[in-house]
Every structure is written in C-alpha cells, then in structure tokens.
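S.K.: All chains, full assembly: derive it from the sequences and hints.
First to last, the protein sequences are chains W and L. No gaps in the numbering here: position 100 of the first sequence is 102 in my numbering, and each next residue is one more. No gaps in the numbering here: position 38 of the second sequence is 40 in my numbering, and each next residue is one more.
Certain hints may be false.
One copy or two, either will do: identical chains are not told apart, so a pair holds if it fits within one copy or between any two.
[What the hints assert, rightly or not] Listed below are the simulated DSBU-like cross-link pairs for lysine-lysine, each with C-alpha atoms no more than 30 Å apart in a straight line:
| no. | residue 1 | residue 2 |
| --- | --- | --- |
| 1 | Lys-148 | Lys-93 |
| 2 | Lys-93 | Lys-20 |
| 3 | Lys-20 | Lys-148 |
| 4 | Lys-93 | Lys-35 |
| 5 | Lys-78 | Lys-148 |
| 6 | Lys-78 | Lys-93 |
| 7 | Lys-78 | Lys-20 |
Rather than coming from a laboratory, the hints here were simulated on the basis of the structure.
There are 2 protein chains.
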Amino acid sequence: MIDGGPVPLTALYPDDAKSIVIRPIGYVVNDKKRGPSAFGITGGDISEIRLYPGMVRFMRGLEDETSLLILWHFHKARPIRSVFARGFDRKRVGPFASRTSDRLTPIGVTEVELLEVRGTTLVVRNLDAFDGTPVLDIKVSMAGLKRSREQREQSGPLG
Amino acid sequence: MIDGGPVPLTALYPDDAKSIVIRPIGYVVNDKKRGPSAFGITGGDISEIRLYPGMVRFMRGLEDETSLLILWHFHKARPIRSVFARGFDRKRVGPFASRTSDRLTPIGVTEVELLEVRGTTLVVRNLDAFDGTPVLDIKVSMAGLKRSREQREQSGPLG
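M.R.: Here it is as structure tokens:
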C-alpha cells in the first residue's frame with residue numbers, strides 16, 4: 003500500500019531488477035514498544051541482540067569493538083506515504099529524505115555502543131528497534147574503526 | 003561457501019527465521035572497479051546513483067540534504083571466510099567485526115555526500131561501490147539531520 007492504495011511492483015521496479023533474499027542472524031530483546039506518536043519508541047536504552055548459535059563462527063574480534071552498525075528488519079512497518087512530516091523536525095519529505103520505517107526497503111540501520119558480549123548475545127546501548135525485531139547484520143562502524151586506529155597509534159609501536 | 007566448503011542453511015539459521023525479499027531501487031554508475039588487493043577499489047570518488055523512474059514519488063526534500071546513507075547490494079561478493087585480516091588495519095577478525103563484502107547478509111552501508119540531484123539521478127561523493135552495483139535504499143544520515151537542525155536554529159525563528 004502506498005498513499006492509501008495498492009501499487010503494482012511493475013510500477014516501481016523494472017522487470018530486470020533482481021530481488022535479493024536475506025535472512026535474519028538473530029533478534030532483539032528489550033523493553034521497547036512503539037510509542038503513542040507516529041515515530042516514537044518507549045523504553046530504556048539498553049538492548050540485547052541474541053544471535054543464532056550458528057553465528058558464533060563469524061564473531062571473532064567483536065568483543066574488542068565499541069561502536070557497531072546494526073542492520074535490522076522493520077518488521078512492523080506500515081503502509082508507505084510518499085510525503086509526510088519527518089519525525090526529526092516535522093519537515094515534509096519523502097521516505098528517501100527520512101529514516102522512517104515505512105519505506106520500500108524495510109531495513110533500519112543504527113549505530114550502537116557495544117557494552118558486552120556474552121556468548122552469542124551482544125548487550126548494546128542506543129538501538130532504536132522494538133523487542134522481537136529480526137537483526138540482519140552487524141558491522142563495525144567507521145567511527146569505531148577510526149577510534150581503534152587512533153588508540154593503537156597513541157599506544158606506540160609496542161602497544 | 004564458507005571457509006572453503008559448503009555449509010547448509012540449516013547450520014546457520016533456525017527453521018523459523020523468516021527470510022525477507024528486497025528489491026533494488028536503482029544502480030550505481032561510476033568508474034570504480036575492484037582493485038588488485040583483496041578489498042581495494044580503484045577509481046574516482048564521484049558516483050551517480052540512478053534511481054528507477056518509479057522512485058521519483060519518494061524523493062521529496064532529498065535535494066535539501068547533504069549527507070545520505072546508501073544501502074547497496076554486495077553483488078560481487080565472494081565465499082565467506084570466518085576469520086581474515088581486516089582491510090582497515092589487518093587485524094584478524096570475523097565478518098561481524100569488519101566491513102567486508104564477503105558476509106552472510108550481502109548489504110553495504112556507506113555515508114556519502116550528496117552533491118546534486120538531477121531528476122532521479124543523485125550525484126554523490128565517497129560511495130565505495132563498484133559501477134553497476136544495485137542500490138537498495140537511501141536514507142538521510144543522522145549526521146545530516148543534526149546539521150540541518152543546527153542550521154535552522156542558527157538562522158533563528160524567521161529563518
């Protein structure tokens with residue numbers, strides 16, 4: 003549904019645009035719920051990301067990072083509006099000029115602070131995803147990589 | 003392929019992990035190619051993102067933004083290694099502690115500078131995707147949103 007009516011995929015995508023299948027690697031556990039406003043989220047700022055057991059082999063070095071990029075599925079997205087008042091500043095924009103969850107590609111991206119790794123569970127601060135949200139990927143953030151490098155350089159060649 | 007051998011999906015994902023289908027919204031045009039090293043990219047730092055014509059209805063306000071987050075498909079990804087020397091600093095890590103394109107969820111995220119919008123084409127700086135890469139989503143970056151707000155506050159109530 004877009005702007006209150008059904009829109010055929012052929013009106014949006016060319017025939018040769020190949021679709022991609024992605025699978026969640028885990029899910030979010032926290033006390034957040036969608037709030038009363040259109041874009042608000044209630045709850046604390048600490049979340050757990052519980053990765054599926056098979057993901058353990060891809061986690062090497064994760065515990066040394068402090069800043070991660072989390073990709074997650076907007077699994078509770080609603081119909082798309084092509085113009086709306088953006089949550090951040092109420093400016094009237096389209097989905098591409100916003101962070102709305104109500105968009106063609108239902109993927110959220112959030113930079114979080116990694117507090118702790120316990121087995122395949124990550125404890126993070128600042129993830130703006132609801133409880134139960136499927137997590138699609140974890141990357142080290144560019145800010146985190148730059149910080150690692152600065153710390154290494156400060157500690158000198160023997161550090 | 004993971005670490006040189008086939009790995010069944012059931013070893014990675016639980017049966018009830020629902021897959022998601024996403025579709026590209028456009029593609030990249032630039033002169034970048036994969037470079038001679040494992041993670042290097044050659045070419046200039048200006049790219050065009052050509053959105054499909056049907057995307058025009060979601061672009062309202064995009065021309066006012068300077069900093070965007072681009073989600074794109076790692077369409078040339080190679081077999082996954084669970085541990086490797088990270089491109090940024092050669093530290094040995096797994097995919098989740100890196101930005102490698104060789105990962106379970108083949109989605110790249112890059113913050114770019116928006117230089118110009120011409121119809122459904124965006125001219126951007128700093129997109130580290132090859133020519134022909136499918137683009138999956140465009141969002142305003144958090145840094146861009148904060149900058150917009152600061153500028154508005156500086157320009158005062160009549161600005």
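S.K.: It remains to establish, for every hint, whether it holds in the given structure.
M.R.: Tested hints:
Taking CA atoms no more than 30 Å apart as the test, Lys-148 paired with Lys-93 passes between copies only; the shortest distance there is 13 Å, against 33 Å inside one copy. Within a single copy, Lys-93 and Lys-20 get their C-alpha atoms no closer than 33 Å, and across copies no closer than 35 Å, so neither meets the 30 Å cut-off. Neither within a single protomer nor between protomers do Lys-20 and Lys-148 lie at most 30 Å apart by alpha-carbon distance, with minima of 35 Å and 35 Å respectively. In this assembly of identical chains, the alpha carbons of Lys-93 and Lys-35 lie at most 30 Å apart only when taken from the same copy (25 Å versus 38 Å across copies).
Taking the shortest alpha-carbon separations for Lys-78 and Lys-148, only the inter-copy value of 26 Å comes in at or below 30 Å, while the best intra-copy value is 34 Å. In the homo-oligomer, the alpha carbons of Lys-78 and Lys-93 lie at most 30 Å apart inside one protomer (23 Å), although the nearest pairing across protomers, at 38 Å, exceeds that limit. In this assembly of identical chains, the alpha carbons of Lys-78 and Lys-20 lie at most 30 Å apart whether taken from the same copy (24 Å) or from different copies (14 Å).
Checked against the numbered hints listed earlier, the structure breaks hints 2 and 3; every other hint is satisfied.
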